[in-house]
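With the hints as your guide, set chains B, C and D onto chain A.
There are 4 protein chains.
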Amino acid sequence: MAGNSFGQLFKLTTFGESHGKALGGIIDGCPAGIVLDLDKIQEELNRRKPGQSAIVTQRKEPDTVEIYSGIFEGKTTGTPIGFAIHNTNQKSKDYSHIKDSYRPSHADYVYDQKYGFRDYRGGGRSSARETASRVVAGAIAKQFLSEIKINAFVSQVGGMKLDKPYKELDFSKIESNAVRCPDTEMAQKMEDYIKSIKKEGDTIGGVITCVIQNVPIGLGEPVFDKLHARLGEAMLSINAVKGFEYGSGFAGVTMKGSEHNDAFNTDGTTKTNRSGGVQGGISNGMDIYFNVAFKPVATVLQSYETINKEGEKVTTQGKGRHDPCVVPRAVPIVEAMAALVLADYSLLARTNKI
Amino acid sequence: MAGNSFGQLFKLTTFGESHGKALGGIIDGCPAGIVLDLDKIQEELNRRKPGQSAIVTQRKEPDTVEIYSGIFEGKTTGTPIGFAIHNTNQKSKDYSHIKDSYRPSHADYVYDQKYGFRDYRGGGRSSARETASRVVAGAIAKQFLSEIKINAFVSQVGGMKLDKPYKELDFSKIESNAVRCPDTEMAQKMEDYIKSIKKEGDTIGGVITCVIQNVPIGLGEPVFDKLHARLGEAMLSINAVKGFEYGSGFAGVTMKGSEHNDAFNTDGTTKTNRSGGVQGGISNGMDIYFNVAFKPVATVLQSYETINKEGEKVTTQGKGRHDPCVVPRAVPIVEAMAALVLADYSLLARTNKI
Amino acid sequence: MAGNSFGQLFKLTTFGESHGKALGGIIDGCPAGIVLDLDKIQEELNRRKPGQSAIVTQRKEPDTVEIYSGIFEGKTTGTPIGFAIHNTNQKSKDYSHIKDSYRPSHADYVYDQKYGFRDYRGGGRSSARETASRVVAGAIAKQFLSEIKINAFVSQVGGMKLDKPYKELDFSKIESNAVRCPDTEMAQKMEDYIKSIKKEGDTIGGVITCVIQNVPIGLGEPVFDKLHARLGEAMLSINAVKGFEYGSGFAGVTMKGSEHNDAFNTDGTTKTNRSGGVQGGISNGMDIYFNVAFKPVATVLQSYETINKEGEKVTTQGKGRHDPCVVPRAVPIVEAMAALVLADYSLLARTNKI
Amino acid sequence: MAGNSFGQLFKLTTFGESHGKALGGIIDGCPAGIVLDLDKIQEELNRRKPGQSAIVTQRKEPDTVEIYSGIFEGKTTGTPIGFAIHNTNQKSKDYSHIKDSYRPSHADYVYDQKYGFRDYRGGGRSSARETASRVVAGAIAKQFLSEIKINAFVSQVGGMKLDKPYKELDFSKIESNAVRCPDTEMAQKMEDYIKSIKKEGDTIGGVITCVIQNVPIGLGEPVFDKLHARLGEAMLSINAVKGFEYGSGFAGVTMKGSEHNDAFNTDGTTKTNRSGGVQGGISNGMDIYFNVAFKPVATVLQSYETINKEGEKVTTQGKGRHDPCVVPRAVPIVEAMAALVLADYSLLARTNKI
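Protein chains in written order, with the numbering used here: chain A, 3 to 356; chain B, 3 to 356; chain C, 3 to 356; chain D, 3 to 356.
The hints are simulated quantities; they were obtained by calculation from the structure and are not laboratory data.
Careful: at least some of the hints might be erroneous.
In this list, chains with the same sequence are indistinguishable; a pair is considered to hold if it fits within one copy or across any two.
[Claimed, not checked] Restricting the straight-line Cα-Cα distance to at most 20 Å, the calculated cross-link-like pairs of lysine to aspartate or glutamate (DMTMM-like) are:
#, residue 1, residue 2
1, K23, E307
2, K23, E68
3, K77, D102
4, K197, E75
5, K42, E75
6, K163, E193
7, K23, D39
8, K101, E193
9, K355, E307
If we strip away everything but chain A, and leave its shape as in the complex, we get (with noise of 0.2 Å):
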């Protein structure tokens, strides 16, 4: 209720500011039976860490995973496992600029006036810290989920844009530089372009495209809780999200029907997927696949106008180790809560039929 859950039968809980001692989480209601490779939960932290290019936080938190329960001789046992992260970096005082003003565009006001006051080191609980916890869940659901291949990448920065079908595209070099784009050229030119923001002290936003393959037929649920709107709640909980679009999208509204619509072929596959892989909340078996939009992040490192708590204007200077464009970091957290989202539906799905 409170927010910090995700899932219904495959369930994350999180917990954790990005100041505390530690931030973690529970995941409940995962199948029993799974021989699980920690090292690549591990590898899936990584992706998400700072300091791993240029182009990101230059912050040092080796991100080290703790398990504590829930596993036995190499196998989820189905009782919840627990795991833990512990804060090794934090430099509190990096932030004691924050605690009486309000950053512009941050939660630092809201978190005043919906909690009485705020645990502002680092943002707190709203610091986008808390998304290691997800790609540690994320990195078990896919293990469970071993068919399912889930692949995001970054299909744009600020005004550049990959304009290439996915189909032409090859996952395999997603992981090759360091903006997570996989035409190598335009990552190239996305990465120079974060540069010179980074030299501004400014940032800028991104989209990452995912796309989901393998997906069994009938995941998804008919009314509220259709397979795309519990994947596009997903994707609006990542921090700096703005939109969310699958199959034709926003494009697919200046198309007529006989246009937009996807033609069967004879063994239920559709010549078209406009549909984006859900029809109807259902996966239908083709491809899954939607762009999430993210903002520029509002950390700018230059001097800006802002209010303190008692409604009066300072200026303060943006400071801090922060990243120019959050998207290659977001693309093993939209991943993993893409990972989320089906091993949920994949469970719930075992209870439609007799």
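Just chains B, C and D now, kept in the frame of chain A:
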């Protein structure tokens, strides 16, 4: 879990197929003491109902709601509000042609795959007729939220896009035309366009914009249940929706942080509102606004090729009474879903502090 | 959340006041493909309905259920089953004497305190009439659980207690008498006793025992959602219930571990069954059995002193048509709630393993 | 869903096996602004921990709780409270004898059947060690509910039963003896009896009575989530519990309505309190009291026959450090679960009215 409930504290559960005896729902958690104007509920239903203008389906469904419980002496009692809308004009024979074949870009095929069989009459549970129950519940939620103003309107039909910022629009004009676009000149063009599409036996997509004003600060939960994530899920759960964006949305991607950030006024309001009234998942008191993209209706009144249950090719002819463009009738549905989200989060916000 | 839903995967939500237009509910999550015998649903309702014998209330409520959705061509479709029972014989005037005063040991006072006012007619939502909806849902759950046998019966009325172990009883006799006690001799004594209590204008409590046979191993979750914990909650949610015990129950308290432990046979069954078919919250394949204690009905047809809304003493006279002893009509309710729990956990158990 | 969460608004989720690295939990929904005394949390844990007296298990577990999040500058922040208790003294070798065989009246067999295998060390997830996490959460709930007084105590051990009404007891004596019985004379007898049972290598059951005072009127929901139904579920979810009764309980069965009804005083209180502080599922402001029955601990330090995984008979010898009687250490667990229920319903009650 099976997806027919929405909300946690103010919770709607719906039932009903397009051509069954009745559809309806239960609202659980509606606070006691709301003086309910029942006529306003029926008025909202009338905004959604078929046959209201020349550009919508000409089916005749009176859509009269009967309330069974939860109201006593004109006020809500705090107990569940059960209601039903009896079906009266269902022409099931219209659908016998789809009993054994699968309409493209409809849910026919996935229902059969998921459940083993389906109630094919009128699309059964996958029909947008289900949304009538949402409109009833939304109309009650609106009366609970009497301070908050929710206005949705059509901002795009096919390529025709209303480019004025919402602040320049007169919301009192929304109901003045069949399209529900507050710019009467644009409304006329849209209406003409929809008529021409209808004449072709075709359909067209559109966008609904929703503006929510007078929202108290502090609604929304910080992590998975961010206010905009729930709004997004709510909208994506409406039939035919393909995308959702709030505040700067997809356009925000191309902005720099220094341009995108909303500077504070000394009273805590902001000079700009690219955040769209939500910061870190929590309402900040500014207007909430978002766009919802609808694909073209899948039923075209043309001849088309598809497959039957046996996987054989069949040629069929779209018939029945359908909407050439879904957005005019979807406006009250968008408002209803927004109201349900806000009612739910308003109650939840009562529990944040000691 | 507001307490009108039961179950997670197989979920019942109910609505309706004693004297409103109708009561009913929605069953969400019922799997597709169950061939439903609708007559059996009505039969269960008839076991609960007033006027069925001389020892129950003489109100005349036909309690005919109308099913609105979720069933097509005789089978469940996997979509929600909406249903209603219309009220036809409500004599609201019978209750005008309680409009302004509070009946002792009824919910009148707490409803006014909690909600600010109440629908006082027939007890409104606090009336056991709500349980008719549970019986409908339970009857459907029973058909889903066709392998499992659920038999409840009256084992005590006042001080008259059936001391035979349930294995010595013939469950086919339960419906052979008005009390629903499978020992016909004891049944006659209980019936005579209830009649004498009724003559006094008084009421008496009782115990229902429920035996569930043929339960698969593995239903129930290990920690908070232990199978017996949910059964206990289910039973305690029935009007007038004051206690629940399963297996050895309160009597097990005085036993030593060496006496109480159930030794295994080589096939995994146990020689004794003090555990009551549940071990560590999970069914072990042995019979589940439990007792449910019901207090005497609070409405006595005698003169009594109480207070009115202003806190003044008033003398009033119990009237209306009430049960002298609630247990005979509560037998199908106990069975229904047991069936709902088992249906829910049966679905959940499908998700335990890869 | 998988049963490791309790509560809806004030929600505890736990993780951890008896012999894993750590156990712990997350409290989600705890309101912001509670000034927390961390020592009191540890004190509650100490009441539960092994080795505290001669009549409990002599295992040495410091059970020191580490809080990771959700508290800042001494106050709850409204964000989730994550915590862990690291295991330090686990002697897994003690359990190698049960790796391949099933202890009678333990969960070994059903875990293997349900999940395919189990973490057998110390009972794994089925160990009552899990309840340490409940005590942490309950200790925080108690501080939130600072006005409400919750006192549990041992009222029966084997056949030794404290027959005094709770009003004649001095709750300040509960902690004065190892049994946690407020009647010191009876406490001595119980203690002696437990010692004699222990000497036999046997175990014995008991009853805990819990009294909750100063409860505001209006907590509890009318139908499925009656306050006493949730209390019952909470208690039945504690290891070894076989029964629950509140107010007049099973004894109320033999009373007539005219005797059982609680007559009102003019201030809305009642002259008697057979209702046990709950009417129609809603607190009425009177004391809530209930009894919880615990079976004898299944582990007896005697030789016994059982079966192994292959279904072969084996003779084994109970060993390890176990409690001869569980109730003294279960007192803080009962209080904790009661506190969790009340905290949850206190928050929920904020949403009943406009």
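These are the hints, each one checked on the structure:
no. : hint           : in the structure
1   : K23 with E307  : neither (32 Å within a copy, 49 Å between copies)
2   : K23 with E68   : both (13 Å within a copy, 9 Å between copies)
3   : K77 with D102  : between (48 Å within a copy, 18 Å between copies)
4   : K197 with E75  : neither (46 Å within a copy, 39 Å between copies)
5   : K42 with E75   : within (17 Å within a copy, 37 Å between copies)
6   : K163 with E193 : within (13 Å within a copy, 34 Å between copies)
7   : K23 with D39   : between (26 Å within a copy, 18 Å between copies)
8   : K101 with E193 : neither (33 Å within a copy, 54 Å between copies)
9   : K355 with E307 : neither (59 Å within a copy, 30 Å between copies)
Checked against the numbered hints given earlier, the structure breaks hints 1, 4, 8, 9 and satisfies all the rest.
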